[in-house]
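A.B. asks: Respectively, the protein sequence lines represent chains X and C. Basically our numbering = 1-based index in the first sequence + 251. Basically our numbering = 1-based index in the second sequence + 251.
Worth flagging that the hints you see were computed from the coordinates, not collected in a lab. Mixed in with the good hints, there may be bad ones.
Put simply, identical chains are the same to the list, so a pair is met inside one copy or across any two.
Said to hold, decoys possible - Keeping only pairs whose Cα atoms sit at most 20 Å apart, straight-line, the calculated DMTMM-like set for lysine to aspartate or glutamate is:
#1 Lys422 with Glu394
#2 Lys364 with Asp418
#3 Lys422 with Glu395
#4 Lys504 with Glu460
#5 Lys364 with Asp430
#6 Lys485 with Glu450
Number of protein chains: 2
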Amino acid sequence: MFQDIRIVLINTSHSGNIGSAARAMKTMGFTDLVLVDPVDFDPKHPSEVSVAMATGAADILCGARVVATLAEAVEDVAIVMGASARNRHIPWPLMHPRQAAGKAITVLKNEQKVALVFGRERTGLTNEELSMCQVHVHIPTNEEFSSLNVASAVQVLSYEIRMAILDSQDKLDAHYSGDWGVSWDNDLANQKEINGFIEHLERTLVDIEFLDPTNPRQLMPRLRRLFQRAVPDKIEINILRGILNMVKRNHDK
Amino acid sequence: MFQDIRIVLINTSHSGNIGSAARAMKTMGFTDLVLVDPVDFDPKHPSEVSVAMATGAADILCGARVVATLAEAVEDVAIVMGASARNRHIPWPLMHPRQAAGKAITVLKNEQKVALVFGRERTGLTNEELSMCQVHVHIPTNEEFSSLNVASAVQVLSYEIRMAILDSQDKLDAHYSGDWGVSWDNDLANQKEINGFIEHLERTLVDIEFLDPTNPRQLMPRLRRLFQRAVPDKIEINILRGILNMVKRNHDK
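Please build the complete structure, drawing on both the sequences and the hints.
C.D. replies: Written out as structure tokens, the structure reads:
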């Protein structure tokens with residue numbers, strides 16, 4: 252699905268931004284870059300600043316295709332999504348990046364191409380260019396400061412599409428443990444082990460006279476909540492019980 | 252909730268990246284920037300390149316607080332989330348940015364602070380710094396090219412937190428039409444209007460002998476599907492019927 256995403260930059264003024272955009276898209280796994288009439292850039296002789304900004308993505312930068320018009324850039328594309336900085340006079344199907352990514356996935360699954368189109372640094376896309384898109388995408392920026400760098404916009408939209416692709420391939424939640432869970436190094440403790448530790452803790456606290464059994468108040472419920480919430484693994488329970496044993500031994504001396 | 256997010260940059264080498272990060276966070280509505288031991292940056296005398304990269308976010312840049320250690324930077328913070336580029340030897344609660352944003356929201360709702368911590372350009376956060384975080388966040392980059400610019404990482408995490416905040420305030424889907432819907436300029440056509448148009452279209456196609464009523468095949472079902480799918484508004488139906496009237500008038504001449 253990654254090869255069917257095309258990034259299209261229109262009339263970019265600063266070649267450094269083209270380099271940054273190439274880097275941004277490559278970090279998200281996309282390689283198809285098309286430049287519509289760039290102001291001062293030739294992939295055969297890329298400027299120094301563009302290569303510097305691209306860092307390890309110079310292959311994307313130098314492999315970019317240059318065309319004269321948006322129409323040429325998206326000829327073979329099924330769904331054209333235009334990044335729009337503001338609301339236009341005529342409303343258009345307007346999506347935030349996550350909605351757009353969901354839409355893109357339905358097309359990518361069908362092995363058809365999706366283009367993400369980004370306009371000029373200062374003025375964005377023209378109304379005519381926006382009218383050639385099926386979908387307008389707006390990143391919900393701060394209303395008082397919506398000046399998103401073009402490479403940052405490429406980064407955010409590429410990120411959303413990558414997240415949607417990974418999710419559609421069940422590769423997202425499976426690779427992150429969240430609070431704990433998958434890919435944890437040790438098995439989690441079971442409830443017998445946790446209860447054994449809590450009882451051990453309570454005995455020790457009584458022994459060292461931190462806990463008064465005739466007036467226990469909320470001490471043990473609070474400690475139990477803490478350790479339940481942390482969801483300790485088996486090794487951690489062993490370490491904690493080892494500490495309790497040592498506390499007892501010191502106390503008994 | 253926006254004022255309770257802190258962006259912490261550790262040991263950043265290039266002041267241009269600090270400027271870009273300031274811009275990235277401001278576009279997402281965040282203003283609290285803390286720099287831990289920056290290599291070559293003083294907010295009182297910001298470098299030219301840092302101001303250039305910040306564009307309209309020079310206020311954030313010059314308002315940044317500089318401290319010596321991560322511990323100082325997050326003293327008053329409840330949840331510290333460290334951006335981690337790779338898996339560490341000891342697993343840690345590891346979240347992708349969307350999971351982390353969901354976690355952050357639960358704390359922000361309680362009016363407590365959340366810090367997002369970003370490490371050095373080349374080497375990221377040290378193991379000691381990562382051990383001071385409750386959560387590690389990993390942006391699921393391309394495994395063959397995971398070299399995300401630090402300001403791009405700030406952009407992506409800030410974007411996810413902004414999306415989560417807007418969503419929690421019901422400000423997200425309400426402001427995007429999706430395919431059509433909210434904030435559309437005209438009322439959508441109702442089914443009587445759509446059916447009236449489809450019948451009008453069919454009569455016209457018979458009149459101009461494009462449609463043979465004795466052998467209609469799949470023409471009308473296909474046209475109906477197209478116009479149903481587009482969910483036309485009332486004005487669009489009027490325009491389409493105006494065209495049909497004109498076709499008929501031309502035909503009758």
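A.B. asks: For each hint given before, does the structure comply? Return the numbers of the non-compliant ones in rising order.
C.D. replies: When the structure is compared with the hints, none of them turns out to be violated.
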